[in-house]
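If you read the protein sequences in the order shown, they are chains A and B.
Counted from 1, the first sequence has number 68 at position 68 by our numbering; the numbering is strictly sequential.
Counted from 1, the second sequence has number 171 at position 171 by our numbering; the numbering is strictly sequential.
To be clear, the hints were calculated from the coordinates, so they are not data collected in a lab.
Take these hints with a grain of salt, some might be off.
[To be verified] Pairwise CB distance ranges, derived in the manner of DEER restraints:
1. B:Glu7 to A:Lys343: 47 to 55 angstroms
2. A:Arg277 to B:Pro74: 18 to 26 angstroms
3. A:Asp170 to B:Asn55: 38 to 46 angstroms
4. B:Gly175 to A:Gly315: 44 to 52 angstroms
5. A:Arg249 to B:Cys56: 30 to 38 angstroms
6. A:Lys68 to B:Arg276: 52 to 60 angstroms
7. B:Pro74 to A:Lys83: 55 to 63 angstroms
8. A:Gln158 to B:Lys113: 46 to 54 angstroms
9. A:Ser112 to B:Lys47: 57 to 65 angstroms
[Said to hold, decoys possible] In silico DSBU-like pairs for lysine-lysine, Cα to Cα no more than 35 angstroms straight-line:
10. A:Lys317 to A:Lys57
11. B:Lys147 to A:Lys380
12. B:Lys269 to A:Lys317
Just so you know, these numbers come straight off a predicted model, no measurement behind them.
Every residue gets a Cβ at the ideal spot worked out from N, C-alpha and C, and that includes glycine.
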Amino acid sequence: MVAARLRACEEVICERGKQENIKKQGEEMRLYEFEAKNIFASYGIPLPQGKIITTPKEAKKVAEEIGKEVALKAQVLVTGRGKLGGVKFASIPEKAESTASKMLKARIKGYSVEQILIEEKLVIEQELYLGATYDEVAKKRIMICSSMGGMDINEVSQKHPEKIFKVLIDPFIGFQPYQAKELSYTLGLPPKMSKTIQSIILNVWEIFIKFDATLTEINPLGLTKEGKLIICDAHIEIEDDALFRQKKRLEGFGINEREDKARPPTEFEIKAAEIDRADYRGVAGRVTEFGGNLGLLIGAGGGSLTTFDAVLNHGGKPANYCEVGGNAPVRKIYNLTKLILTKQNVKGLAVITNVYSNSRVDFIARGVIKAMVELGIDPKRYPILFRSAGAFEKDGYAILRKYGVEYYGRETPMDEAARLAVEMMKKRE
Amino acid sequence: MAILIDEKTKVIIQGITGREAVTFTRGMLDYGTKVVAGVTPDKEGQKIYGVPVYNCVKTALKNHKANTSIVSVPPRFAKDATFEAIDAGIKLINVFTERIPRADVIEMIAFAKQREARIVGPNSLGMISPGKIKLGSIGGPVDECNKAFTPGNVAVLSRSGGMLVETCSQLSLNGIGQSIAINIGGDPIIGSTFYELLPLLEKDLQTKVIVLFCEPGTVQEEITAKFVKEASYTKPIVVFIAGSFVDNMQGMRFGHAAVIVHGEMGSTKVKARIMREAGIRVVDYHSQIVTEVRKILKEIS
Chain A
1 MVAARLRACE EVICERGKQE NIKKQGEEMR LYEFEAKNIF ASYGIPLPQG
51 KIITTPKEAK KVAEEIGKEV ALKAQVLVTG RGKLGGVKFA SIPEKAESTA
101 SKMLKARIKG YSVEQILIEE KLVIEQELYL GATYDEVAKK RIMICSSMGG
151 MDINEVSQKH PEKIFKVLID PFIGFQPYQA KELSYTLGLP PKMSKTIQSI
201 ILNVWEIFIK FDATLTEINP LGLTKEGKLI ICDAHIEIED DALFRQKKRL
251 EGFGINERED KARPPTEFEI KAAEIDRADY RGVAGRVTEF GGNLGLLIGA
301 GGGSLTTFDA VLNHGGKPAN YCEVGGNAPV RKIYNLTKLI LTKQNVKGLA
351 VITNVYSNSR VDFIARGVIK AMVELGIDPK RYPILFRSAG AFEKDGYAIL
401 RKYGVEYYGR ETPMDEAARL AVEMMKKRE
Chain B
1 MAILIDEKTK VIIQGITGRE AVTFTRGMLD YGTKVVAGVT PDKEGQKIYG
51 VPVYNCVKTA LKNHKANTSI VSVPPRFAKD ATFEAIDAGI KLINVFTERI
101 PRADVIEMIA FAKQREARIV GPNSLGMISP GKIKLGSIGG PVDECNKAFT
151 PGNVAVLSRS GGMLVETCSQ LSLNGIGQSI AINIGGDPII GSTFYELLPL
201 LEKDLQTKVI VLFCEPGTVQ EEITAKFVKE ASYTKPIVVF IAGSFVDNMQ
251 GMRFGHAAVI VHGEMGSTKV KARIMREAGI RVVDYHSQIV TEVRKILKEI
301 S
């Protein structure tokens with residue numbers, strides 16, 4: 001039920017691929033394939049011959065330079081792009097040109113394709129997997145390898161757990177050459193390749209550490225007929241929270257800080273983000289657009305999740321998700337409320353937050369009332385409901401009372417307030 | 001005493017001269033917490049509401065006895081500040097700083113383990129043992145704090161700071177007090193998870209029931225369920241998991257890295273199922289926490 005309702009809400013927004021802005025702790029910035037490959041190349045690991053292009057003409061030129069069948073790989077931050085038409089092959093340069101032309105006009109999960117990596121098509125005998133990441137439970141870094149590369153490593157770990165080898169790394173000792181050696185022998189490569197594979201494994205670790213990555217992956221690492229190891233695809237995610245000390249290093253590779261969302265933000269979300277950025281104090285943002293008619297001003301973080309769930313479970317149709325907390329100033333609340341109230345299709349507003357520790361309830365009330373008054377909204381005719389508690393709640397309630405807004409305090413549970421909001425909307429329908 | 005802190009706990013605050021720290025220092029002193037010293041480099045000799053400030057933790061400890069520290073410094077200094085506290089012999093470090101790189105967090109945790117110290121956080125809003133002591137801004141100014149938190153037998157652990165206050169406030173309004181309430185922190189890697197605190201709560205005489213406030217992402221709830229089952233945990237646990245709508249959002253990633261290591265976990269649906277299978281009472285609405293806890297208290301009295 002909820003899933004269906006949510007999907008219905010989402011569908012209204014855009015056909016551009018859908019995902020969330022909702023804050024996950026520990027977010028990361030994914031690098032494009034060619035960026036990750038450039039980093040690996042700087043460590044001397046072999047790559048296929050190739051180049052990044054932005055026009056069909058260039059595609060033809062690069063294919064001519066390569067002089068054999070090429071692969072065209074769309075540079076988009078989407079997992080599983082192969083199945084979505086993001087990887088194509090071309091046997092002659094003219095075909096590369098026409099394929100590039102089509103690909104550059106395509107959208108993959110909402111993302112426009114602006115760059116294509118053109119590479120020689122490789123003939124691979126065997127595909128391997130090498131990766132470094134964090135184990136949240138062990139609270140340590142972990143190195144992983146498998147002789148079954150090329151496919152989704154999650155699938156391998158479920159279907160063939162015996163084909164996956166992992167080593168937990170002591171934070172103070174780090175990953176040692178003997179561990180690279182141990183891992184290398186699990187891959188079953190001929191002895192003459194031991195030194196090469198061990199040095200590649202050590203480089204994966206080196207990059208993982210140096211770049212404050214949360215994930216560094218070569219998948220697959222290809223073994224050619226000639227017995228050479230070559231990176232077919234690579235994946236690096238850099239921790240957002242470490243960008244402060246990685247900016248320079250990344251800029252050295254022509255990589256700039258950017259937002260990494262699974263779909264491009266909507267106009268509404270961009271405006272909301274501007275409101276939040278305009279003042280460093282507090283949060284009134286992390287907005288995600290939905291297609292419903294009930295505007296939500298909710299907080300703080302866990303409180304937003306709790307309220308949004310309750311609204312859906314009671315049959316409500318949210319117009320947006322957001323997080324308000326950290327004692328955001330009146331101006332931010334006012335601007336965000338105005339943005340929500342003027343959103344197309346919004347027919348009511350629910351302001352629901354948890355009991356605040358360090359946000360002032362009167363600030364929230366003032367911001368909401370200011371927006372309401374400015375837009376000429378009469379709470380007698382327009383459904384608005386307010387539930388918040390904490391510091392300066394009495395002042396907040398006094399303002400709300402004065403303007404005739406229906407309000408509730410801590411005695412009314414958040415999910416009850418959500419239910420009342422949904423009912424209020426139904427009455428006006 | 002419930003767990004970790006009580007009226008005898010003596011606290012230092014690292015980063016005490018920061019804007020937020022000054023505010024919660026006032027709140028803590030008003031609540032009766034023994035804040036014996038603060039630490040900010042180059043600010044030695046200053047006082048914050050009468051609390052003396054030192055340049056280093058060791059100098060602070062030369063002049064005052066303390067066993068607990070709050071770390072409230074900018075992210076790039078958080079690892080060093082935590083190391084400093086551990087090296088000076090502090091055994092409980094509550095880290096408030098948000099956005100500390102994971103690489104630093106695992107080192108903080110490893111060093112704490114080596115010295116038999118405990119980290120709560122990072123990205124924690126603090127903890128409170130109602131009527132005795134509180135660390136951090138949890139609950140806000142003292143009057144607000146007293147409305148939300150009351151002494152009693154329910155331990156509340158939460159991944160969200162705001163919802164820790166809300167949950168305790170709902171319990172208190174219904175005449176159910178708390179033994180201890182801890183915001184364990186919202187980050188993927190934290191010093192003290194649910195399953196690392198549950199063994200302490202099992203031994204605690206004051207605690208009769210445990211409430212956990214959970215969120216999507218990480219595999220903490222899954223591991224907690226496993227622990228409860230395997231350890232045949234004796235105290236009743238009530239759980240609410242917020243954000244179930246996130247499961248249904250297309251393209252949601254619960255951290256690719258975690259999935260590689262731990263398989264398909266992290267969604268609220270999986271969390272709820274595994275926890276129920278372990279005998280944990282998972283409620284659908286936040287307000288049902290009160291109903292469920294009341295029922296349990298009746299059963300066991």
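Outcome of the hint check:
The hinted window of 47 to 55 angstroms between B:Glu7 and A:Lys343 holds, with their beta carbons roughly 51 angstroms apart. At roughly 20 angstroms, the beta-carbon separation of A:Arg277 and B:Pro74 lies within the given 18 to 26 angstroms, and the hint holds. Distance hint for A:Asp170 and B:Asn55: a CB-CB separation of about 32 angstroms, inconsistent with the stated range 38 to 46 angstroms. Taking the beta carbon of each, B:Gly175 and A:Gly315 are about 32 angstroms apart, not inside 44 to 52 angstroms as hinted.
Range check, A:Arg249 to B:Cys56: about 32 angstroms between beta-carbon atoms, so the 30 to 38 angstroms window is met. Under the hint 52 to 60 angstroms, the C-beta atoms of A:Lys68 and B:Arg276, about 58 angstroms apart, fit the expected range. A hinted range of 55 to 63 angstroms is violated for the C-beta pair B:Pro74 and A:Lys83, which are about 43 angstroms apart. Checked against the given bound of 46 to 54 angstroms, the beta carbons of A:Gln158 and B:Lys113, roughly 31 angstroms apart, lie outside it.
With their beta carbons about 58 angstroms apart, A:Ser112 and B:Lys47 fall inside the hinted range of 57 to 65 angstroms. The suggested pairing of A:Lys317 with A:Lys57 is violated, with an alpha-carbon distance near 48 angstroms, which exceeds 35 angstroms. A distance of roughly 32 angstroms separates the Cα atoms of B:Lys147 and A:Lys380; the hinted pair therefore holds under the 35 angstroms criterion. Between B:Lys269 and A:Lys317 the alpha-carbon distance is near 21 angstroms, which keeps this suggested pair within the 35 angstroms criterion.
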